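Engineer: Heads up: the protein sequence lines correspond to chains A and B, in order. Okay, so the first sequence: first residue is 104 according to our numbering, each after it adds one. Okay, so the second sequence: first residue is 45 according to our numbering, each after it adds one.
Honestly, the hints are just simulated from the structure, not real lab data. Only a predicted model underlies this, so the values are computations on that prediction, with no experimental measurement involved. A virtual CB, placed ideally from N, CA and C, is assigned to each residue, including glycine. Treat the hints with care, as some may be off.
[To be verified] Stretch-level coverage of chain B by chain A, calculated; a stretch enters the list once three of its residues show a Cβ under 8 Å from a Cβ in chain A:
id: 1; segment: 83–92
id: 2; segment: 144–156
[Said to hold, decoys possible] If you only want the chain B side, here are some residues facing chain A, beta carbon under 8 Å, derived:
id: 3; residue: T97
id: 4; residue: G136
id: 5; residue: S343
id: 6; residue: R345
id: 7; residue: M419
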Amino acid sequence: MSIRRHLGLPALWALLMLLGAVPAAEAHIASNGFLSLAVDRAAVAGALELAIRDGELAVGLDRDRDGKVSWGELRASQAALQDYVRGHLKLYGSQGECPLSFGPVQVNARVDGNYLWLPLTAECGGALKRLSIDYRVLNEEDPSHRGLLTLRAYGEVQTAVLDAASGKRPFELDHPSPWSAFIEYLHAGIWHIWSGIDHLLFLLSLLLPAVLVRRNDRWEAVPMAAPAFRNIVKVVTAFTLAHSMTLSLAAFEIIRLPARLTESVIAASIIVAALNNIFPRVTEGRWRIAFAFGLLHGFGFASVLSDMGLPQGARLVSLVAFNLGVEVGQLAVVLAVMPIAYLLRATALYRRALMPWGSSAIAALALVWLVQRASA
Amino acid sequence: MSGRSRRPYSPRGRRCALIALALLGSAGLAGVQASPYAPSSDSVVLAELPAGTRYSDLAARRLARERLDVAVPLAQFYIQQSRVSGDLRYLGYADAVLAPWLNQRPAAPEALVLHATVQQSRHEFTDALATLDRALAARPDDAQALLTRATVLRVLGRYPEASSACLQFAPRVDPQIAQLCIQSLRGLNGQLESAYAALRQVSPQGWLNAEKSWLYSELGEMALRLGLETDAQRWFLQDLKLAPTDLYVRAAYADLLLRQGRAEDTLAVLNGYESFEPLLLRIAIAQRQLRDPRLAPSSARLRAAFSAEAQRGEAVHRREQARFLLEVEQQPQRALQVALENWTLQREPDDALLLLAAAQAAGHPAAAAPVLEFMRSTGLRDARANLAYSAAVAAR
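Build out the structure end to end from the sequences listed, making use of the hints.
Structural biologist: So this is what it looks like as structure tokens:
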């Protein structure tokens, strides 16, 4: 291991050594840039991360030449950085080069020191089936620099090591496997029902009285679990059947309704369901309300799907997965809430406070949504 | 569609969340930490620029494109910087300076020799030999090219070829330096005692510091292989006094301390050298022995370095990675796998010891058969190998 260090040092080399042999504080992995991109049809969004040192070599960040790069200096160099990246990183879709635009630069601390983090987006004209990347960042200054790419498209993640020598590298995007599409749309379904609080409020408004029975114009606790269970199953099944039907119709573009209308009617459906708890009109067979308005909630789900797009070759799988995700999310909430409702059903809290005031609060919230959505 | 924007749910937001999740998922791979932020004040210092890495230095690089007498010392400077700091980026800067001189026809022989040195530093030994052959075809007597060739062949365990490169190079240098080259190979080639005795007779008066340092580290390593730890310690300390910035000697000395169970002394000797992965590895081994809580950040940095390297398809730190798996992560099966891979790339005594130890720890002493065969055919001896060596022999 020793002779490898030995070279007869010429005088100039020894002299240059004096210029700076200070051990630095950071790890010394080779120069890597991190390029993370996510494709959403025609749009690409992501970020390029470069070590501050590499940014210095590219455009000269150290404006006051004190051997240090400050946040102020990095911010002042943004325009130069953007120009540099435009000249050294090119993305191509089927319609040629996709113009890049940039967000404000930030800083990311990695194990080997600070990196500048430059958010970027690219518009590629048409939906992307193949994205070509030409990465020449730092090629003149450090040919050993590599771009470590994480490319996410239609639920698939690809990674690659980019450098100038390999030129324009094509990445095929249009082959999502049915399984990965299934997982992605299942997630989307669950997420949607959990974050789309309006669907849950509608369902809960219909389920709150499921553990009660209406007698002599008063709410009374159901004596046994069986009728409560039957009520819950009927409402959930009716809601599921209805929204699955319209979701499928809308997803395959057989029926299309304007989003403003469906969103407004969804808000109205919550008001109706909540008011029905305070001034009961429908006491037996709330499943009919669930079914009727469930049809409209299905169109609401469909607007999410149309935003994501159904992947070619896995349309049916994705639709089923999304629907299944919605059911899973919905069932999880029902399973979490209803046993508690059943246990509390005989208390005054439940029948005199939660039923009227909880339902009023839900109705008030839904009214605000209705006004917003109808006037949008 | 505008109604949707007011909904608590936004598909774009979900997409961002998924991307964030995907990035977090790959965090282990790429060593991503935290998330991007904007510092609170313009005066926050983000990085200090090491020597030769400023934008203004590009003027010198531009000049190096026109003038070989600028390119050669500049490339030497970067290679030397990479040695004293362990910073691999400098090798890339050397590449940039040498590129125009390598691309011209015929390539400048000086540039070829330096290019081979860069390749050797990246552990691209076979490529380095090919580059040296091109340089030697143009200048068969180039001492620097011959010495580098001897070094690379030695790392590959091709001792007879390395010896003949030494003999070729002998008439062109101080006879004592030639002796050093020849005796150090005899020491690997089955004549350890007599080579050690011969080198102890050498008096390095009037030698350059770098040459003295070479002598002491050879003596130190021979003493180690002979099992003379006290002698080895003396040579290494003498060497370190002469060349305190020599990271390889420091690593060898740290290994000796670790062998002697002196983990705290190891940390003291390596304090301030965390930036160099091979030394950080020794720090992590010592921290593990001491149950030092600082082991976690050290390990995280090593893991990040190894995985970034793997992602790039490079193998500069295979030996360190195998040792990390064996002695820090305590994953002997994976360590054995990496040690076997490392053995196909380089065959220094340390690589042989590593494979023996990994094979024994993994419960497959027979996996060390290539090392036994190598030791038998070359005559390599090493007192440190005894235990694992006997286990491997017994397993045959």
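Engineer: Sort out which numbered hints this structure fails and list those numbers smallest first.
Structural biologist: 2, 5 and 7
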